[in-house]
Amino acid sequence: GIQVEQSPPDLILQEGANSTLRCNFSDSVNNLQWFHQNPWGQLINLFYIPSGTKQNGRLSATTVATERYSLLYISSSQTTDSGVYFCAVHYGQNFVFGPGTRLSVLP
Amino acid sequence: DGGITQSPKYLFRKEGQNVTLSCEQNLNHDAMYWYRQDPGQGLRLIYYSQIVNDFQKGDIAEGYSVSREKKESFPLTVTSAQKNPTAFYLCASSLGQRARDTQYFGPGTRLTVL
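Same order as they appear, the protein sequences are chains Z and E.
For the first sequence, our numbering gives the first residue as 2, with consecutive numbering after it.
For the second sequence, our numbering gives the first residue as 327, with consecutive numbering after it.
No lab work stands behind these hints, which were simulated from the structure alone.
There could be a bad hint or two in this list.
[Said to hold, decoys possible] Straight-line distance between alpha carbons at most 25 Å, and here's what the computed SDA-like set of lysine to any residue pairs gives:
id	chain 1	residue 1	chain 2	residue 2
1	E	Lys383	Z	Thr63
2	E	Lys340	E	Gln376
3	E	Lys335	Z	Gln43
[Said to hold, decoys possible] Derived CB-CB ranges, DEER-like:
id	chain 1	residue 1	chain 2	residue 2	range
4	Z	Glu6	E	Lys383	24 to 34 Å
5	E	Thr412	Z	Glu6	19 to 29 Å
6	E	Ile377	Z	Glu16	41 to 51 Å
7	Z	Lys55	E	Asn344	18 to 28 Å
8	E	Ala407	Z	Ser29	34 to 44 Å
9	E	Ser399	Z	Ala18	15 to 25 Å
10	Z	Ser105	E	Gln343	33 to 43 Å
Glycine is no exception: its CB is placed at the ideal position from the N, C-alpha and C atoms.
Could you build all of it, start to finish, from the sequences and the hints given here?
Okay, structure coming up:
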């Protein structure tokens with residue numbers, strides 16, 4: 002099956018800092034999505050991004066499908082950005098999730 | 327307003343007991359999913375259903391069972407055969423099972439076996 006890796010596993014930032022999260026996958030995929038899981042466990046879809054670049058406020062994402070990776074950029078981080086960020090790739094019939102990057106933004 | 331609800335939020339069970347986790351959606355989605363999340367790990371697929379009265383095993387189906395008698399509902403039963411059931415369980419739904427169909431998640435049920 003496909004392997005999905007995320008780095009770094011943990012990230013601690015001061016409020017206002019910028020960060021880049023990475024997702025690597027081992028095979029061609031039909032789609033890639035980024036999710037944020039808040040400290041209470043709720044997952045929210047951030048981006049549907051099979052290729053190219055998208056921006057939504059302080060967040061943006063880039064997927065280079067031919068090189069099998071995606072990047073999530075967080076600018077001017079806020080404490081509410083804390084939580085776990087997952088990438089998920091659509092492979093076969095379903096999504097396969099990476100292990101996540103745990104982000105802690107300190108005030 | 328539309329969304330996915332899961333109940334209960336917390337569930338405690340004694341070893342050897344079966345328990346059923348509820349998942350309901352009013353988004354008129356055809357596809358529904360159950361995932362398991364262990365501490366510090368990603369989500370793993372337990373079961374999924376594309377339409378009513380049909381469901382398929384995911385990667386870790388052993389010790390679990392599901393039903394899909396109604397479009398809105400996809401309950402998960404954790405049986406006594408599940409060796410290590412303590413985990414966070416997430417239900418999701420999507421319009422279909424196509425790659426472009428976004429998954430929407432419920433708030434989760436945290437199951438603890440005593």
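Verification of the supplied hints:
1. Lys383/E to Thr63/Z: Violated, because 32 Å separates the two Cα atoms, which is more than 25 Å.
2. Lys340/E to Gln376/E: 32 Å, violated
3. Lys335/E to Gln43/Z: 12 Å, holds
4. Glu6/Z to Lys383/E: 24 to 34 Å: Given range 24 to 34 Å: holds, Cβ gap about 25 Å.
5. Thr412/E to Glu6/Z: 19 to 29 Å: For Glu6/Z against Thr412/E, whose Cβ atoms are near 26 Å apart, the range 19 to 29 Å holds.
6. Ile377/E to Glu16/Z: 41 to 51 Å: 46 Å, holds
7. Lys55/Z to Asn344/E: 18 to 28 Å: Given range 18 to 28 Å: violated, Cβ gap about 44 Å.
8. Ala407/E to Ser29/Z: 34 to 44 Å: 36 Å, holds
9. Ser399/E to Ala18/Z: 15 to 25 Å: 44 Å, violated
10. Ser105/Z to Gln343/E: 33 to 43 Å: Distance hint for Ser105/Z, Gln343/E holds at roughly 37 Å.
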